[in-house]
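Visitor: Below, each chain spelled out in residue letters.
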Amino acid sequence: MHIHAFDQFRAHASALHRLDPRVKVLLTVGYILSNALLPDGSWLAFAAAWLLLLWSNERAHLGLGYTFKRSFVAFPFAIAAISAIFSPSGNSLAEWNLGFVTLVPTDFGVVRFFSILVRSWLSVQMAILLVTTTQFPDLIHAFEHLKAPRTLTTIIAFLYRYLFVLTDEAYRLMRAREARSAGLPGFKRGGSLFWRAKITGEMAGQLFLRSYERSDRIYNAMLARGYTGHIRTLNPHTMQHSDWLTLFFSIPVLLLIQLIGWYR
Amino acid sequence: MPVKHPSTQQFILPDCEGDILKIEKLNFAYPDGHIALRDVSLNLCSGDKVALVGPNGAGKSTLMLHLNGILRGEGDLTIGNLPISDEQLPLIRALVGVVFQNPDDQLFSPTVFDDVAFGPLHMGLPEDEIYQRVAQALDAVQMADFGERLSHHLSMGQKKRIAIATVLSMQPQILILDEPSAGLDPRARRALINLLRELPQTMLVSTHDLHMVRELFPRMIIMDEGRVVADGPTGKLLVDATLLEAHGLEMP
Amino acid sequence: MLLSPTPLHIPDGFLNLVISLIFWVATISMVGLAISKTNKTLGEKQIPLMGVMAAFIFAAQMLNFPVAGGTSGHFLGGALAAMVLGPWAGILVMTAVIAVQGLLFQDGGLLVMGANIFNMGILTAVIGFGLYRMVGGAKKGLRLTIAGAAAWLATMAAALLTALQLWLSGTSRLEIVLPAMLGVHILIGIGEAVITVAALAFIERTRPDLLNAEKTAASGGRGWIMAGILVSLLAVLISPLASGSPDGLERVAADLGFLGDGQASSYQILPDYTIPLLGETALSTIFAGIVGALILMGLLVLLGRSLRKAGSGK
Ligand SMILES: Nc1ncnc2c1ncn2[C@@H]1O[C@H](COP(=O)(O)OP(=O)(O)OP(=O)(O)O)[C@@H](O)[C@H]1O
Ligand SMILES: [Mg+2]
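Chains as they are written, first to last, in this note's numbering: chain A, 1 to 264; chain B, 1001 to 1252; chain C, 2001 to 2314.
The set of hints was computed from the structure by calculation and includes no laboratory data. One or more of the hints may lead you astray.
Said to hold, decoys possible - Think about it this way: if two alpha-carbon atoms lie no more than 16 Å apart in a straight line, the pair counts; the simulated EDC-like pairs of lysine to aspartate or glutamate are: (1) C:K2140 / C:E2214; (2) A:K188 / B:E1087; (3) C:K2040 / C:D2107; (4) A:K188 / B:E1129; (5) A:K188 / B:E1127.
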């Protein structure tokens, strides 16, 4: 099993792909920020934000529903917000008697719940769009330009490089465990939960050691090729006119969404 | 007070008139779309010792990973009379022992003992039987003194032998070995050949070592590009120069 | 599912802006401190090491073990990273892991990433390393026991803080989210503890040089012990207090200005700081966020100072 399948970047020759990664990062954060600032229940503004998203999908030549289809990763977390439905402020909509407790959903609570969900769902989609249209090394480079500390971006670059190697290694360890996870009729299979957790811990230790010793070899190989402390890239990333224009015109768009939200 | 368990002997497969392992029209593609197996069919009879040869990327390892259900392709695969299915997997894994190509993929426990004991422990065997099986398995691969050693820092040849022991301790009926002789020095290779000769199990062994094939395996199967291209007596196939050449092999 | 979101990776939208900003400031200051610390004490060699270690944590989080009924246990790794690599390097490693999970896999949001890093990387490092450092020179049995307890506590504290953040953001009701989060993580924490201890024992057997007492002592000063104990105590005290009488905690939060009446509106937070001229608009929310963040930053600078002093004057 190769985890490469999880790298979400899709190569296309679109305007969005060409856009400077700095601009894309700023716009993504701006968009998520804008969602966070919209008051609960500003459905019109949420809809406008969604339209913007659809349009961006289209501009990236991905098809309208691309990010939508991939946007359900955050949904299990929605459970955390369910209790908001029963918020005491607001007018009660019903009374659900469960025997030991009576639940009272309120209009305020329901609006709050769905607003949280929509905000989350829009934000996740924009984040997906960012990585779908930007290669990860470019993204790291963008963060460097945006003054993220070098130490951190270099660590992240190494992380990205070895992520696939080591997750593959983790999968192979799990595969080896699976291959010998046998059972016989009449015998209790699988040992105790404690034992299974312990085995997993030892696999983690095994993985740690292999990683650690590998990093030693990497460092030596890097020294041998003249490593001086940070990784250089060839891509210069200079801001073009079109990049500035996009950045410039996006601000009023986001402001407009805010206006729709606050002065409906 | 050790609990008396029923003897494990009762799970020995019925003596096969025909086949202990049967594969029919097995097809498999990796998630990235690469087709690794195409219409693979083959049978192993109880007691068979069969070599699986073919160039790099032929699909040998992929095929072997199917034999105890690590990978699941399309097609029919039966062990004894058990089809590979989710309910049967635990039993099938007790019957079919797979030793991976790379011993680093096989060994995940801190000490050699822990690793060799994993299979029997997972099967829930009684403690004294586990000790006995581990000792036997380590003995068989001539690593009896290595129980307390850390597998992480063993040499390649030692790791390969431990990897075989981790499966022997489960006392499988069928042994699947993926390139067991690769990376061994002549003496270790010789020891391996002797070990394989003495083991009573049915075995399917992939290898690039045609000398070993000639010496040890009466039957060989040649794979190329995901297909079985030849299956027959070693004596006949190994003298067929055009066949060998067509599939990137050299006459030993 | 491979990358199934764990209950601790908060997605965007679930925390309000003020809480998000406050924790961004806290995280940035701690990470900044960690960078200057590691740059000083460890050479450039440390950077590839931390990168590969981050990849290790990422991969180790995929190792799972069957629990029951098709669910499986996972590993978070924050405490282990801090124990093995030292607290500062541990924080950087976890920051990188959580950043990549959020950016590349949308496992955790971007605006809330500060909170995620704080919960899963910084809090776990303080508790994990602090308690482990306390027994750095002790016998193996004791050390591993404390390491396990620290890993469990770190998980619980992360769950507690996540619950509090969700509550303060008006996303969840305290009396529901707190017991739920703590309940789930009692079990997850035990898995975490077993895995951490087994991994430590393994490393110690194979490479004792990586875990000896001097190395542990050198990677973080005595101040960490204090911080670890303090934060652990805080977590231990708050949990039962908050679960037993959520009203009390709510009153405190309301007095501090975190909660409007009725506990839950996202944009009426810090009403005391709302400037009349701005009214209840996005601007005043931002302003309130900045004020809250500044206060917290001040506290953290003080904390950082005392940590540094404690570290150098040991
Ligand atoms: N995880 C994977 N994902 C995608 N393709 C794979 C994967 N593993 C193997 N392959 C491809 O499947 C084909 C068969 O590989 P396999 O490892 O089975 O060959 P092999 O016969 O064992 O070769 P070798 O002699 O080198 O061990 C190869 O083309 C290989 O590139
Ligand atoms: Mg192979």
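Visitor: Evaluate each hint against the coordinates.
Guide: How the hints compare with the structure:
1. C:K2140 / C:E2214: With a Cα-Cα distance of about 15 Å, the restraint between K2140 of chain C and E2214 of chain C holds, given a limit of 16 Å.
2. A:K188 / B:E1087: holds (15 Å)
3. C:K2040 / C:D2107: violated (32 Å)
4. A:K188 / B:E1129: holds (15 Å)
5. A:K188 / B:E1127: With a Cα-Cα distance of about 13 Å, the restraint between K188 of chain A and E1127 of chain B holds, given a limit of 16 Å.
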